[in-house]
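Chains as they are written, first to last, in our numbering: chain A, 564 to 917; chain B, 378 to 676; chain C, -10 to 405.
No lab work stands behind these hints, which were simulated from the structure alone. No residue lacks a Cβ here, since even glycine has one placed at the ideal position from N, Cα and C. A portion of the hints provided could be inaccurate.
[What the hints assert, rightly or not] If you want the footprint, here are the derived chain B segments under chain C, 3+ residues with CB under 8 Å:
no., stretch
1, 383 to 392
2, 395 to 408
3, 497 to 503
4, 507 to 514
5, 519 to 533
6, 628 to 635
7, 641 to 652
[Said to hold, decoys possible] Simulated DEER-style distance windows between Cβ atoms:
no., chain 1, residue 1, chain 2, residue 2, range
8, C, K308, B, L499, 43 to 51 Å
9, C, G167, A, G717, 32 to 40 Å
10, C, E161, B, L443, 38 to 46 Å
11, C, T62, A, G717, 47 to 55 Å
12, A, T861, B, Y669, 33 to 41 Å
13, A, P731, C, G167, 51 to 59 Å
14, B, D380, A, W889, 41 to 49 Å
15, B, P453, A, A646, 50 to 58 Å
16, B, I390, C, T309, 48 to 56 Å
17, A, P731, C, Q307, 32 to 40 Å
18, C, D194, A, T861, 40 to 48 Å
19, B, Y446, C, A157, 45 to 53 Å
20, A, V755, B, L499, 42 to 50 Å
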Amino acid sequence: MKQSTALDLRVYAGLIAFGILGPILFPDYVQTIAVMWLMVLMAVTWDITGGQMGYNSLGNVCFFGIGMYASAIVQISQFTDVAAYTAAFGAIRVEFTDAQYFTGLFLGLIAGGIAAAVFALLIGPAMLGLRGPYFAIGTLGLAVAVGELVAGWGYVGGGGGISMPVYPGDAGAGAWMFYVLLAVLALGTHLVVRWLYSTQFGLAINAIRDDEDKADAMGIHANRYKTMAWAFAAFFMGIGGAIFGNMSGFIEPLEVAFPTATFGIFMVAMALLGGKGTLWGPVLGAILFHIVKEVTWTYLLGWQWVALGAIIIINIVYFQQGILGWAQDRWPAAFGLTVDRGGAARPAAGEAAE
Amino acid sequence: MIDNLYLLTQAPILGVDLIIQGLFIGAVFALIAYGLALVWGVMNVKNLAQGDMVILGGYITYQATLWGYHPIVALPAAIVLMFMLGWIIYVLIIRRVVDRDMFTSLLATFGLSLLIQQVLNLIYGPEVKVAESGFGDFEVGSFIIIQNVRLYSLLLAAALALAIVIFMKKSRMGQAIRATAQDARAARVLGIDTDQVYAFTYALNASICGAAGVLVAMIWVIQPYYGIVYSIRAFIIVTAAGLGNLPGVILTGFGLGVWENVAGFVFGAEFAVAAVVIMLVAVLMYRLVQLYRVRQVVR
Amino acid sequence: MIITRKHMRTVTAAVAGVAALGLAATAEAKVEGDTIILGSAISLTGKYATNGIHAQKGYEFAVDKINAAGGVTVDGKSYKLKVTYYDDESTPARGAQLAERLINQDGVKYMLGPYSSGLTKAIAPVTEKYKIPMVEAEGASRSLFTQGYKYLFAVLSTSEQYLASSIALAAEVAEKQGKKASDVKIAMAFENDPFSLDVRAGVVDDAKKYGMNIVIDDKLPRDLSDMTSTLTKVKALKPDLLLVSGHSKGAATAGRQIQEMKIDTPMIAMTHCEAADVVGKYGAGATEGLLCPTQWSETLSYKDDLMGSAAQYHSDFQKTYPEYKTVPYQTAQATAAVMVWADAFERANSFDTDKLRDALAATDMMTFYGGIKFSEAGNNVAKPMVLRQIQDGEYLVVAPSKWAAAELRHPRKPEY
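Could you put the whole structure together from the sequences, leaning on the hints where they help?
Take a look at the structure:
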């Protein structure tokens, strides 16, 4: 335990150093790196249920959207009527004082997290009763349904979207603030998740992944653990959505808040790329995925999606266990050691079939 | 919503029209879902590129009209070309993901779906395309107009489905496919070349999609990114009907088409998609409740 | 220890990767040698790609023309124009990111707009934040011009005017037939996206003004390929006016299904007929009498020195891009946006963004596309929206009467 803690601390130190130095060295890329942290957050929270608990959700993006909309409603409703604000399609311009903006933002972020977590707690007991592909398709359906319902909900402007309150300060400062928020959230989430995996909770959800019925028989309240784990993921996703909504400035349901076919799938692809069910796999996968995506978007204009499709296929066909999974196969002894001490189990590469 | 329900009670003929049109839509959905159920059931591959193969079939039709042929001419061409393409895709990609963790096949075919979309986009551009069949229509009573092309599509879909059922029952390959679906290892022991069976199944699904695509291009509009619409419908149908339940898949397909059309009328078009996916979640939940009852009895 | 190395490798790889990313894209200057670089995030893929590409071709055509005519003269030196494009994939989040990238990473100081109101809404806060002027040609939502943006200029008429003119026309026709305008029943099918909802808002306002009765108000889903259920309602309720808006795919779907379901509504107006090429797809008979609002028409009598008359622009553009049978207004207005930039550079005689902003604000020019003069809010107030009717396969202006090239045919008599 001690040894792996020390090692993890070094990685954290490295990530924090990068988090601080990255945007200072490349100030033009603040936004790009901020999105990278968001990707890390997505992959890490997806992995709580997907990798560690064996419940592969395709709909976690709905927590992202719920958090975004919850924060929008909270931030706007403090100072004006939301329905009137959205009915005017942004024609009402609300002038926020600095204090109002920051209280609104603070409350909005908290509301985003709580709303998403509450939603997960409400639907969790029902959805998590589904297994294997049925859970995946069911959650995908859920995310599409929530997005479509929000798109039809006049109170929040339906498909017309909402213009978020504008950051009151200087131009560049806003980008920095959202950068810091996302970086701190991503790293903080990873710390919490790491701690979580080291507790009995972590062991319990691993047991559920390995054999749910046996775990249940052994006295683990599987349903309670599953719902809690999903709500944890939802809470952090919700905050992430709230920050991203404010960063974007303008939100609308189908492409910004509930992008099931892009972010919804990307988060799974990233966790798989790095190696699902490992502590650092999703982080590594998200960073690599983001870099590849940005590079192809810059240099292969028009072909970027072709490249992305090809990369996903090659990744899945040839590196099925992800990069860390592949490394584990290569040097099992080294990994076996950490696994036992750190409490994070080896991913059931290939055998986690439903 | 109340107005719309009131309207339905005032003019029941509207309801009949909605149901008939829904059945036509459902026939095409059912055909696509049928192919998905096949690859899912036999080789446990969740083909997320299903809809994109449909759209590919649609573009084959469109290409045929560009060359001056009638779109229906494209039907045999689409079936043959898509069969070959399916086989190639199997050899290059699917062979390596069969029998893997479910997300492997899901993500590999997601990548494939992106590829197909983008290649179509590069060749044909993102504009909406149509293939005009010019089959005309006929009227039932004074209100309901039935497009001949939709009627033919329904018949064609039925004929295709029937042909596949007979093929599965009678032919050697069909029997081998069914044996593999039941127990791949046992089939291998008994001398069935399961790799061949898988390749054939995947290629067969591709040609079903191609045929459906021809119908889609003649009835609706096609665009490189429309595949997802059909993929989601196909997954909903197969998931709701349950695996290995082919008659169920066809019934659910029709049901979905009708439900989508009626829900769009009653709740407004903006809630049609939501109504469809909520129905999916409801069906899953219903099955779960049934399952709990069974478990309770066992305890 | 092995783990240390591995973990450190992870971090090193990540840092190195980002570093490579950083070094690879050397920031382009706003003016490189004798070239002025404009930037635009535009939809080359995704659902707006059809019109995004129309707009991109409009930009390119203008750039080529201006460069061929000697470029732009600033401070006695002549400069060529060039546009840096990124593909926003028709998604607002991506658009906002790309605007940041154009400004921060590529050092672009002069922006051209994206396609669609949604994307413009996403990008405008970014350009505003960095005080980068943007001339946009494809974002018509009026909400863009109520935000107090100082660096946003739009050459086109705002979206609430798109179909509002058809309401006035319907009222006129009703009165001619001896009915009251308030008897007119309206059916609306609008896509559930920022642009169409804004068009809808304009229609609702005008309908209220006349006291007209809205009997159907459906919002079409975005992955629209079937509007049977909405059209069934239309058949049952027999409105006097049917309005459809859903970009190109909405027009294509509506065009097909209106024909298939033999909708006999006497007046039908829809946006994006030209962009979807409904006449080419379904023939002149089926589309006879459809009303199509347009920002611009080649039959209008506008002209300027560079492009000549509207008709001249139309035929020149077709020479360069022979695949266009009708040049969509999306292309013409994109061209006009580049011309506004060129004009502003010459008048400001400087590359300073604030001076350029003031020059843009003072724009008052005539182009083949129409007059361009910006209000305090940044929208163009010198050009009206016109309404064209498809008559025997031709798009002819029928309203407003000042520009009318033909009489309105009412009720429409399509051949299904």
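Practice item. Please flag the earlier hints that this structure goes against, numbers listed from lowest up. Key: Structure breaks hints 6, 8, 12, 14 and 17.
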